[in-house]
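Enquirer: Work out the full structure: start from the sequences and follow the hints.
Position 71 of the sequence shown, counting from 1, maps to 71 under our numbering, and the rest follow consecutively.
In case anyone wonders, no lab produced these hints; they're calculated from the structure.
You can take every hint at face value.
Result set (BS3-like, lysine-lysine): computed pairs, CA atoms no more than 25 Å apart in a straight line: (1) Lys151 to Lys136; (2) Lys42 to Lys86; (3) Lys286 to Lys309; (4) Lys313 to Lys42; (5) Lys330 to Lys313; (6) Lys143 to Lys179; (7) Lys136 to Lys162; (8) Lys103 to Lys143; (9) Lys107 to Lys309; (10) Lys313 to Lys286; (11) Lys107 to Lys179; (12) Lys309 to Lys42; (13) Lys103 to Lys60; (14) Lys37 to Lys330; (15) Lys37 to Lys309; (16) Lys37 to Lys86; (17) Lys42 to Lys55.
Computed spacing ranges between beta-carbons, pair by pair: (18) Ala32 to Arg231: 44 to 54 Å; (19) Ala263 to Ser301: 22 to 32 Å; (20) Thr223 to Gln28: 50 to 60 Å; (21) Asn341 to Thr270: 24 to 34 Å; (22) Gln33 to Pro255: 37 to 47 Å; (23) Thr30 to Pro255: 45 to 55 Å.
We put the beta carbon where it would ideally sit given N, CA and C, even for glycine.
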Amino acid sequence: MKKTLITLAFLAAVPVLSGCSLQTSVSQPTRAQLVAKATVLKTVDGGLEWEPKIKVSDQKDISSLNVLTVAMDPFDSETVYLGTEKNGIFVSRDGAETWSQIKFPEKVYGLIPDHGTRDMLYASGVFGGRAKIFKKIGEDEWKEIYTEPSKDSVISAMAMDKNNANVIYAGTSQGMIFKTTDAGTSWHNLYMAGAPVTSIAFDSADTSVVYFGVFQRDLLKTTNGGETIERITSNISSSSNSQSVFSVVADPGAPGTVYIGLAKGISKSTDGGKTWSNLNILESSKMFPIRAMAINPSNSSEMIYVSGKAVYKSIDSGNQWSTFQLDTGKDVSSVVYNRSNPAIIYAGFRSF
Numbered sequence: 001m002k003k004t005l006i007t008l009a010f011l012a013a014v015p016v017l018s019g020c021s022l023q024t025s026v027s028q029p030t031r032a033q034l035v036a037k038a039t040v041l042k043t044v045d046g047g048l049e050w051e052p053k054i055k056v057s058d059q060k061d062i063s064s065l066n067v068l069t070v071a072m073d074p075f076d077s078e079t080v081y082l083g084t085e086k087n088g089i090f091v092s093r094d095g096a097e098t099w100s101q102i103k104f105p106e107k108v109y110g111l112i113p114d115h116g117t118r119d120m121l122y123a124s125g126v127f128g129g130r131a132k133i134f135k136k137i138g139e140d141e142w143k144e145i146y147t148e149p150s151k152d153s154v155i156s157a158m159a160m161d162k163n164n165a166n167v168i169y170a171g172t173s174q175g176m177i178f179k180t181t182d183a184g185t186s187w188h189n190l191y192m193a194g195a196p197v198t199s200i201a202f203d204s205a206d207t208s209v210v211y212f213g214v215f216q217r218d219l220l221k222t223t224n225g226g227e228t229i230e231r232i233t234s235n236i237s238s239s240s241n242s243q244s245v246f247s248v249v250a251d252p253g254a255p256g257t258v259y260i261g262l263a264k265g266i267s268k269s270t271d272g273g274k275t276w277s278n279l280n281i282l283e284s285s286k287m288f289p290i291r292a293m294a295i296n297p298s299n300s301s302e303m304i305y306v307s308g309k310a311v312y313k314s315i316d317s318g319n320q321w322s323t324f325q326l327d328t329g330k331d332v333s334s335v336v337y338n339r340s341n342p343a344i345i346y347a348g349f350r351s352f
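Expert: Below is the structure:
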């Protein structure tokens with residue numbers, strides 16, 4: 001199997017603040033106006049009320065940005081990272097009250113805070129027309145640890161093994177799944193899926209069990225750390241519209257439990273993907289694909305999913321749902337719980 005070896009440091013700093021499209025505030029907008037242009041919303045009461053969190057300074061905000069990914073720092077529950085479509089990485093160290101920009105190439109598809117080393121960050125982006133993975137090794141200093149050989153591919157998914165920070169899986173828009181076991185020093189190919197890999201999720205008890213969502217096509221699974229990968233889409237009921245996978249999430253508190261977001265619904269397995277059942281989600285939410293889901297890290301009975309401009313929450317394992325309409329100009333792209341306080345939830349927004 002071909003190995004892709006990674007070489008050399010990439011950059012000390014990329015001046016992306018110059019020329020970026022941060023919005024300059026000239027007057028005090030109403031709350032409705034702030035929500036309408038929100039890039040990030042935050043709730044501190046489990047979803048009853050959502051507040052826009054877009055401030056950079058008294059003069060600037062991030063309302064004009066498209067958020068592709070939201071990530072929580074594993075060491076500090078007040079630190080939140082955003083990966084954006086055209087403006088690199090933003091970080092908040094005060095629970096999203098204010099944001100500052102980290103120097104990085106413009107387009108950021110994936111962010112992984114290292115759970116083994118404080119302030120260590122992995123990010124996938126596009127620089128010089130090529131998709132690359134970088135490792136933050138110091139203040140405003142990044143090391144390139146992977147690059148795609150052509151300009152026709154991006155790193156569309158990344159995930160780190162929670163038990164071993166040296167192990168990272170990645171997937172590309174062309175369908176290649178690959179892995180490092182030494183924190184990016186070397187990589188090896190695992191599987192060609194044939195379509196964009198958009199989700200990677202680990203089983204909560206056994207991280208050698210990994211699920212891969214292939215955009216609008218398949219669900220893949222490995223039980224041996226990628227040595228073999230099998231297609232398990234055929235296990236899903238045809239009534240689930242199974243050929244349209246949009247997102248995958250594994251329950252962090254229930255081994256063997258995994259959810260897939262589809263074009264018109266959500267399916268759940270409690271036996272590692274052998275059998276599936278369709279969740280009874282609200283019918284109106286089936287008008288939009290389920291692009292993002294999250295499970296309360298402290299309570300497996302609670303989950304949220306997003307559809308269009310709305311967030312849906314269940315506290316009884318998906319039997320009944322509360323809905324929270326978000327009157328924003330963009331759609332929800334990412335949703336994440338605060339692990340220290342699951343009543344706090346962040347939602348990122350982008351235009352699709």
